[in-house]
Amino acid sequence: MIGTVDIKKMHHRDPKGTERAAAHKVAQTVKGRRLQTLQALASLVGGGTGEQIAHAARLSILSIRPRLSELQEMQLIEDTETTRKNAMGNSEIVWRITEEGKKFL
0 MIGTVDIKKM HHRDPKGTER AAAHKVAQTV KGRRLQTLQA LASLVGGGTG EQIAHAARLS
60 ILSIRPRLSE LQEMQLIEDT ETTRKNAMGN SEIVWRITEE GKKFL
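Each step along the sequence shown adds one to the number in numbering that gives the first Met the number 0, with nothing skipped, and position 27 is 26.
Hint data in this document are derived by calculation from the structure and do not stem from the laboratory.
Warning: the hint list may mix true and false statements.
[Claimed, not checked] Each computed BS3-like pair below joins lysine-lysine, with the alpha-carbon atoms no more than 30 Å apart:
1. LYS101 with LYS84
2. LYS30 with LYS101
3. LYS30 with LYS84
4. LYS102 with LYS30
Turn these sequences into a full structure, and let the hints guide you.
Below is the structure:
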């Protein structure tokens, strides 16, 4: 499930070897970022916002936000239905790891 590449969804119908290699390399990176996001969230007591997860992972929020959507879609994390203020004073969703998500730690 994590880190797979659907070659059928690639731009070209018959991708060349370099395009396939690039797609699989990106998938490995995404797999790593997803895992880093899960690990960072696990380190936060009571769940965490995207900003808190990014800080714990020492990654840009721009790397974390897409992973949160992906992990939620995969049912590895869930919205706690609470929010916290971020550094800019905006409300952010507080996320927590699901039981399924804990299996990847």
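Hint check results:
1. LYS101 with LYS84: Between LYS101 and LYS84 the Cα gap is close to 26 Å, so the pair holds against 30 Å.
2. LYS30 with LYS101: holds (15 Å)
3. LYS30 with LYS84: holds (29 Å)
4. LYS102 with LYS30: holds (15 Å)
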